[in-house]
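In the order they appear, the protein sequences are chains A and B. Using the UniProt record's numbering, read the first sequence as starting at 1 and increasing by one per residue. Using the UniProt record's numbering, read the second sequence as starting at 1 and increasing by one per residue.
No lab work stands behind these hints, which were simulated from the structure alone. As the structure is a prediction and not an experimental result, all values here were calculated from the model. A hint or two may mislead.
Derived Cβ-Cβ restraints for the label pairs, each shown as a range [as the list claims (entries may be wrong)]:
1. A:K2 - B:G60: 42 to 52 Å
2. A:K209 - B:A120: 32 to 42 Å
3. B:E111 - A:I207: 45 to 55 Å
4. A:V53 - B:P28: 53 to 63 Å
Rough simulated footprint, nothing fancy, chain B against chain A, three-plus residues with beta-carbon under 8 Å [claimed, not checked]:
5. 67-76
6. 205-216
For lysine to aspartate or glutamate, the following EDC-like pairs were computed, each having C-alpha atoms within a straight-line distance of at most 16 Å [said to hold, decoys possible]:
7. A:K6 - A:D71
8. B:K6 - A:E223
9. B:K6 - A:D213
10. A:K220 - B:D4
11. B:K6 - A:E227
12. B:K6 - A:E189
The beta-carbon is built from N, C-alpha and C at its ideal position, and this holds for glycine as well.
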Amino acid sequence: MKATVKINQLTYKKNLKTILADVSLDVSGDKIIGILGENGAGKTTLFRIISGVAKNYRGDVAINGKTSPADRKSLVSYSQSLGGFPENKRISQVANFHEQIYPDFDRDKYNQMIDFLSLDVTQRLAALSKGTKEKVIVALTLARKTSVYLLDEPFGGIDSMSRKKIINSIIQWKPTDSLMLISDHYVSEIASILDEIVVLKDHTVAIHKRADDVRQESGKSIEDYYESLYEEGAQK
Amino acid sequence: MNFDDKVPIYYQIKTVIYDRIIAGELAPGEKLPAVRQLAVSLTVNVNTVQRALREMIEEGVVTSQRGRGNFVTTDTNVIETLRQDLITRNLKQLYERLHRLNIDDQEIINELVTYIERRARQNESNGKN
């Protein structure tokens with residue numbers, strides 16, 4: 001079955017502040033979509049809403065046609081920070097917890113990724129570098145068998161070797177037929193693996209295009225094209 | 001590998017594979033690596049590899065055999081055409097560039113011959129070391 005995420009006229013406010021305004025987005029198929037935008041553009045909020053974590057929004061959100069937050073939670077694997085776990089827990093304990101709460105957790109696949117990413121599962125969370133933490137998060141997120149994967153800034157502040165390892169894990173272990181949304185505020189590091197880009201700006205979707213169409217039509221790199229959107233805005 | 005992010009990635013994948021075919025690294029009739037394997041080795045999306053493959057199949061350079069994978073064509077005429085196109089494209093660029101600088105045809109030929117001879121000597125002496 002083809003994975004779909006359909007959002008219609010979504011508006012979300014927090015403490016009277018508009019975070020997302022009239023966002024409509026229709027993505028489907030076995031793609032990797034880059035959700036791009038500055039810090040504070042609403043990327044994380046959008047992911048929290050899609051995955052069924054954030055509520056009290058206006059508008060429609062459907063995954064594979066399902067709208068209830070409970071259904072959506074089971075269809076989406078959303079990368080959560082490890083902040084919810086005590087710092088003295090080991091990677092293996094966090095994985096055991098995930099296996100218990102998610103029936104779709106695939107232990108074999110998880111082990112393959114742990115191997116590939118050269119992670120030592122006996123390490124405690126407190127001892128992990130930023131890059132290692134992100135690797136653990138990506139492995140846990142991809143270990144679930146779902147229709148949709150949401151990776152929230154998996155490359156924030158990590159070294160280039162960790163980044164390459166994570167990108168390769170994504171290409172290798174993203175299931176065929178699944179749809180993946182990756183958010184980032186710095187696009188050049190993931191540009192080569194994106195099918196489409198969605199730019200969030202001024203609380204809403206400013207651009208939604210195929211990545212190769214951007215290159216073909218503008219003759220620019222995704223990075224330059226993305227930056228030019230902000231420069232145009234500044235001139236107004 | 002490093003892509004030029006200003007050029008569509010599927011086009012660059014095609015170029016990489018065509019270069020390998022022309023260079024003989026991928027022989028006529030040879031099986032191409034699996035799509036996902038190609039994607040991982042090039043650090044690109046599976047769909048982008050598929051788009052490149054689709055075009056190569058349309059252009060007759062690659063043939064797809066259901067359930068078995070993708071193969072370099074056994075039609076050597078197709079590969080020869082590919083090779084000729086690539087040579088022409090590179091020569092055209094060089095010729096137009098030098099021509100714009102008002103270097104006449106005979107001088108271009110002479111310079112090219114001299115250059116090739118010099119490179120051959122260099123390669124020879126490098127080989128001895």
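(request) Given the hint that K220 (chain A) pairs with D4 (chain B), test it: the Cα-Cα distance must not exceed 16 Å. (result) Roughly 10 Å separates the two Cα atoms, so the pair holds.
(message) Would the hint linking K6 (chain B) and E189 (chain A) be met if the CA-CA limit is 16 Å?
(response) 14 Å, holds
(message) Against the 16 Å threshold, does the CA-CA distance of K6 (chain B) and D213 (chain A) hold or violate the hint?
(response) 11 Å, holds
(request) Indicate whether the distance between the beta carbons of E111 (chain B) and I207 (chain A) respects the range 45 to 55 Å. (result) 48 Å, holds
(message) Just to be careful, I want the Cα atoms of K6 (chain A) and D71 (chain A) compared with a cutoff of 16 Å; is the pair within it?
(response) Holds, at roughly 14 Å.
(request) Take a quick look at whether K6 (chain B) and E223 (chain A) sit within 16 Å of each other, Cα to Cα. (result) 9 Å, holds
(message) Quick check: do three or more residues in the stretch 67-76 of chain A have a beta carbon closer than 8 Å to a beta carbon of chain B?
(response) violated (count 0)
(request) Please test the hint of 42 to 52 Å on the beta carbon pair from K2 (chain A) and G60 (chain B). (result) 30 Å, violated
(request) May I ask you to test the hint 32 to 42 Å on the CB atoms belonging to K209 (chain A) and A120 (chain B)? (result) About 49 Å separates the Cβ atoms of K209 (chain A) and A120 (chain B), which means 32 to 42 Å is violated.
(message) Please verify whether K6 (chain B) and E227 (chain A) have alpha carbons no more than 16 Å apart.
(response) 14 Å, holds
(request) Please count how many residues of the stretch 205-216 of chain A have a CB within 8 Å of a CB from chain B and say whether that reaches 3. (result) n = 4 at 8 Å, threshold three: holds.
(message) The hint says 53 to 63 Å between V53 (chain A) and P28 (chain B); measuring C-beta to C-beta, is that right?
(response) Holds: the Cβ-Cβ distance is about 54 Å, inside 53 to 63 Å.
Hint compliance for this structure: hints 1, 2 and 5 are not met, and every other hint is.
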